[in-house]
Amino acid sequence: MKNKLRELRAAKEWSQSDLADKLDVSRQTVNAIETEKYDPSLPLAFKVARLFKSKIEDIFELDKD
Amino acid sequence: MISKHFSWRTAWKVARWWLAALVISAFFDVFFPDIKKQMSWGWRVTIVFVEFLSVLLFVFDAIKFIRKMDELQRLLTLTIFLFAVSATLIFFLLWECLDREKFFYHVFGISPDGTIGWGICSVAHVNMLFGGFYGVGFLIFNRRYK
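Residue numbers (our numbering), protein chains in the order written: chain S, 54 to 118; chain Y, 3 to 148.
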């Protein structure tokens, strides 16, 4: 799954630790999502979308293959 | 109260009972088994219960810690726990089965305690194995998410 988390975070000038604190997860989790090594659960994806005032599908995109 | 984020203080709070079981068992089962042999039946049974109570308290603390983790940490830690428990069980059973067939006696001769048995049936041995395999699992499974 692709995502725009890194761009959205950069636009807000937040560090990974800042974002991790806001989402109540570890920095390791934020990094793993940004580098697309880990797909977040639905509740966490909703949290991310709410934080950036976007829809889930605007941030996360399912790979075509 | 166990904190959500990793720190040495948190690690100590989770591992203290594991360490207590290890120290008690290492003292009575590995280094000074003669002291235990000279004790009354009641004391020997009490030591066994104390060792297993410590292991049980460790399991409760570990569960409390895992429940507070975020989803990726929980996934990783549960994977590592499963790996460590499975590896410990397989190693322990293999060792004990080989020892029952006197494999180690034929290869290495008399064991350090002067008998033909090379058994590792003690809380100290199992805890050491679990700790070692947990470390190996930590290195393997955390590598991808560094």
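Simulated from the structure, these hints should not be mistaken for laboratory data. In this text, a Cβ means the ideal position worked out from N, Cα and C, and glycines have one as well. Hints may be right or wrong, so weigh each one.
As the list claims (entries may be wrong) - Heads up, simulated DSBU-like pairs for lysine-lysine below, C-alpha to C-alpha not over 30 angstroms straight-line: (1) S:75 x S:100; (2) Y:66 x S:75; (3) S:90 x Y:148; (4) Y:148 x S:106; (5) S:108 x Y:66; (6) Y:66 x S:90; (7) S:100 x Y:39; (8) S:55 x Y:70; (9) S:100 x Y:38; (10) S:57 x Y:148; (11) Y:70 x S:90; (12) Y:148 x S:65; (13) Y:70 x S:106; (14) Y:148 x S:117; (15) Y:104 x S:75; (16) S:55 x S:117.
Stated by the list, open to error - So the derived list for chain S, only partly shown, Cβ under 7 angstroms to chain Y, looks like this: (17) 69; (18) 70; (19) 81; (20) 91; (21) 94; (22) 95; (23) 98.
Checked hints:
1. Proposed proximity of residue 75 of chain S and residue 100 of chain S is supported: the alpha carbons are some 9 angstroms apart, at most 30 angstroms.
2. Pair hint residue 66 of chain Y plus residue 75 of chain S holds up; C-alpha atoms about 23 angstroms apart against a cutoff of 30 angstroms.
3. Of the supplied pair hints, the one linking residue 90 of chain S and residue 148 of chain Y holds, its CA atoms being roughly 10 angstroms apart against a limit of 30 angstroms.
4. Simply put, residue 148 of chain Y and residue 106 of chain S have alpha-carbon atoms about 29 angstroms apart, close enough for the 30 angstroms limit, and the pair holds.
5. Between residue 108 of chain S and residue 66 of chain Y, the direct Cα distance comes to roughly 34 angstroms. Violation of the 30 angstroms bound is thereby established for this hinted pair.
6. The straight-line distance between the Cα atoms of residue 66 of chain Y and residue 90 of chain S is roughly 27 angstroms, inside the 30 angstroms bound, and the hint therefore holds.
7. A distance of roughly 60 angstroms separates the Cα atoms of residue 100 of chain S and residue 39 of chain Y; the hinted pair therefore is violated under the 30 angstroms criterion.
8. The suggested pairing of residue 55 of chain S with residue 70 of chain Y holds, with an alpha-carbon distance near 28 angstroms, which does not exceed 30 angstroms.
9. Straight-line distance between C-alpha atoms of residue 100 of chain S and residue 38 of chain Y comes to about 57 angstroms, which puts the hinted pair past the 30 angstroms bound.
10. For a cut-off of 30 angstroms, the pair hint linking residue 57 of chain S to residue 148 of chain Y stands: about 20 angstroms separates their Cα positions.
11. With a C-alpha separation of about 22 angstroms, the suggested pair residue 70 of chain Y and residue 90 of chain S falls inside the 30 angstroms cut-off, and the hint holds.
12. For the hint pairing residue 148 of chain Y with residue 65 of chain S, the CA-to-CA distance comes to about 24 angstroms; that is within 30 angstroms, so the pair holds.
13. Distance hint between residue 70 of chain Y and residue 106 of chain S is fulfilled; the C-alpha atoms sit about 27 angstroms from each other, no more than 30 angstroms.
14. Taking the CA atoms of residue 148 of chain Y and residue 117 of chain S, the gap is about 27 angstroms. The hint holds against a cut of 30 angstroms.
15. About 59 angstroms separates the Cα atoms of residue 104 of chain Y and residue 75 of chain S, which puts this hinted pair outside 30 angstroms; it is violated.
16. For the suggested pair residue 55 of chain S and residue 117 of chain S, the alpha carbons sit about 10 angstroms apart, so the restraint of at most 30 angstroms is met.
17. A hinted interface residue such as residue 69 of chain S counts as satisfied when its beta carbon comes closer than 7 angstroms to some beta carbon of chain Y; here the least separation is about 13 angstroms, so the hint is violated.
18. Because the smallest distance between the Cβ of residue 70 of chain S and any Cβ of chain Y comes to about 11 angstroms, over 7 angstroms, the interface hint for this residue is violated.
19. Given hint, residue 81 of chain S at the interface with chain Y, holds; its Cβ is 6 angstroms from that chain's nearest Cβ, closer than 7 angstroms.
20. Satisfaction of the interface hint for residue 91 of chain S is found here, the shortest Cβ-Cβ separation to chain Y being roughly 6 angstroms, below the 7 angstroms cut-off.
21. Checking residue 94 of chain S against chain Y by beta carbon gives a least distance of about 5 angstroms; that is within 7 angstroms, so the hint holds.
22. Taking 7 angstroms as the C-beta cut-off, the interface hint given for residue 95 of chain S is violated, the closest approach to chain Y being about 11 angstroms.
23. Because the beta carbon of residue 98 of chain S sits about 11 angstroms from the nearest beta carbon in chain Y, more than 7 angstroms, this interface hint is broken.
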